[in-house]
Amino acid sequence: MKKIEAVIQPHKLEEVKEALKGIGVDGMTITEVRGHGRQKGHKEVYRGMEYQVDLLPKIKLEAVVSNDRVDEVTSTIAKAARTGKIGDGKIFIYDVVDAIRIRNDDRGESAL
Amino acid sequence: MVRIAMLGLLILTALASAQTPAAPLTIEQKIAALEAATKTAQTAGDNAWMLTSSALVLMMTGPGLALFYAGLVRKKNVLGTMMHSFIMMAIITVLWAVVGYSLAFGEGNPFVGGMQYFMLNGVGTAPSAYAATIPHLTFMIYQLMFAIITPALISGAFAERMKFSGMILFTILWALIVYFPMAHMVWGAGGLLGVAGAIPCLDFAGGTVVHITSGFSALVCALYMGKRKGYGTEPMRPHSLVLSTVGACLLWVGWFGFNAGSALGAGGLASSAFVATHFGAAAAACGWMLAEWMKHGKPSMLGGISGCVAGLVAITPAAGFVTPGSALIIGLAGGIFCFLMATTVKSMFGYDDSLDAFGVHGAGGTIGAILTGVFATKEVNDLFAGKPMGMLEGNGGQVVNQLIGCGIAIALGVVGTFVILKVVDMITGVRCTADEEIEGLDLSMHGEEGYSLEA
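Line by line, the protein sequences give chains A and B.
Numbering of the first sequence is given in the numbering used here, commencing with residue 11 and proceeding in unit increments.
Numbering of the second sequence is given in the numbering used here, commencing with residue 1226 and proceeding in unit increments.
In case anyone wonders, no lab produced these hints; they're calculated from the structure.
It is possible that part of the hints are untrue.
[Said to hold, decoys possible] Here are some of the chain A residues that sit facing chain B, going by a computed Cβ distance under 10 Å:
#1 E54
#2 V55
#3 Y56
#4 R57
#5 G58
#6 M59
#7 E60
#8 Y61
#9 Q62
#10 V63
Fair warning: this is a prediction, and the values are worked out from it, not measured in the lab.
The C-beta atom is built at its ideal place from N, Cα and C for all residues, glycine as well.
With the rest of the complex left out, here is chain A (with noise of 0.2 Å):
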């Protein structure tokens, strides 16, 4: 099992979805998070006084699938989160060591 986590642009979020959903991935997770990488933040000017703005709102979205799955699903997220602009995210790869269902204690990949 691995877990990828794609952090995208926020207004990217519901073609995303839309995309996973249409590869049969049911669960995953949203947060609302700030931060940048090689993308510049903006200036926020407020009655003179400067503000440079470095931290942006991005989502984040988790989901955990199962091996033979990771490169249709991170190509479909790319896709579906792609402008071609700075600023698009990036998607990390982690080992998923179990998962268990908390409703009837299932585990491993029956779990997800």
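Model the placement of chain B on the given structure of chain A, informed by the hints.
Coordinates of chain B only, in the frame set by chain A:
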């Protein structure tokens, strides 16, 4: 059956009384009856407008100013900031009932009123010498609303760092030592700066009394208390310009009560002040936004609402004295001038007037008071009985009077505030501790939070 009989009896009685010839009224009686009816009608009209205006002016403090200021601070201080406005509605009201009204509007010397209205003694439904067509009670409650908003305006300068107990003590002393005497000098019977006083200074709705005194007192507070922790290094962005926009628009609407209500009646003068007020606000919003657009490249919502408030401040002393065209000029000048004061001048000197109480009210009030001396015209308000009013009508001396009025308001505000802050610092302290400031006033002063999303 009984009912029908009774009905018949009633009808008969009514017919009988209708047939009884009434004694013919004399001409004098008829005129007296007509005069009484006219007076009642005028009182009804004027009183309706003045009670409405009183409510409008209270709305300027809460929720108007409370929202305007609350949106500009960080979210850990939202309630503490709203409290600074809200608590005035309670404290000043009590103070006003006991001694405030008397000190401001009682007969006394040219500087402060006497004790004749102590505990509102003798203030009833009969009109007073201040306004012949409305109950004295209406005049009293209307003036109270001004006394409430004035100290609330100052809170913009010490936002996010003042100790609550110190703020309360400061407010009470400030009302007693600065506001009540200043109101007496400009509007009270026999006041120094009144129309019949030694130096007639034109102030229709409180440019000197409200905005210059509060604005310059705010500057003293900002300088005395020092900058907020992290000012200039940590970001201190407004946490919700949505709240501020709603607040500023409520201020704009409430200001019709503030200025048009200052006509103390529902006649043409009120209409004139109403129009001038609106035009001043609109022109200033344009002025501030244009200046900002040119300097920073973008016109902002905050710029627009700051501009409209600056214009409302600038037009306040002029509202009942100038034409709609002059109001546009005063508003535009106020908007651009306050933009420069709140942005360029503030950063040049580096004081932390957190929400620009001085940059908007002190600066806008001063330019408004001076321009009132320039543009006042007897065509709008013949206050000097046929003699010219403003500089453009040939009365250049009025500008000097306006400057003297400003000078007195500034001197009283600056000296009074400094002394009061010193006293308060010795008794309760004025600034909260560094830890309290970091935690935020909501939790450290009031033990509650404005936003709890998990609730």
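Results for each hint:
With a cut of 10 Å, the hint placing E54/A at the interface with chain B holds, because the nearest CB-to-CB distance is about 7 Å. For V55/A, the shortest C-beta to C-beta distance to chain B is roughly 5 Å, which falls under 10 Å, so the interface hint holds. Given the 10 Å rule on beta carbons, the hint for Y56/A holds: about 6 Å separates it from the nearest Cβ of chain B. Interface restraint check: R57/A against chain B, minimum CB-CB distance 5 Å, threshold 10 Å, status holds.
Given hint, G58/A at the interface with chain B, holds; its Cβ is 3 Å from that chain's nearest Cβ, closer than 10 Å. The interface hint given for M59/A holds, since its Cβ lies 8 Å from the closest Cβ of chain B, which is under the 10 Å cut-off. Interface hint status for E60/A: upheld, as the beta-carbon distance to the closest one in chain B is roughly 8 Å, under 10 Å. Given the 10 Å rule on beta carbons, the hint for Y61/A holds: about 5 Å separates it from the nearest Cβ of chain B.
Annotation: Q62/A was flagged as interfacial toward chain B, and the flag holds, the nearest CB pair being 8 Å apart, inside 10 Å. The criterion of a C-beta within 10 Å of any C-beta in chain B is met by V63/A, whose closest approach is roughly 8 Å, and the hint holds.
In this structure, none of the earlier numbered hints is contradicted; all agree with it.
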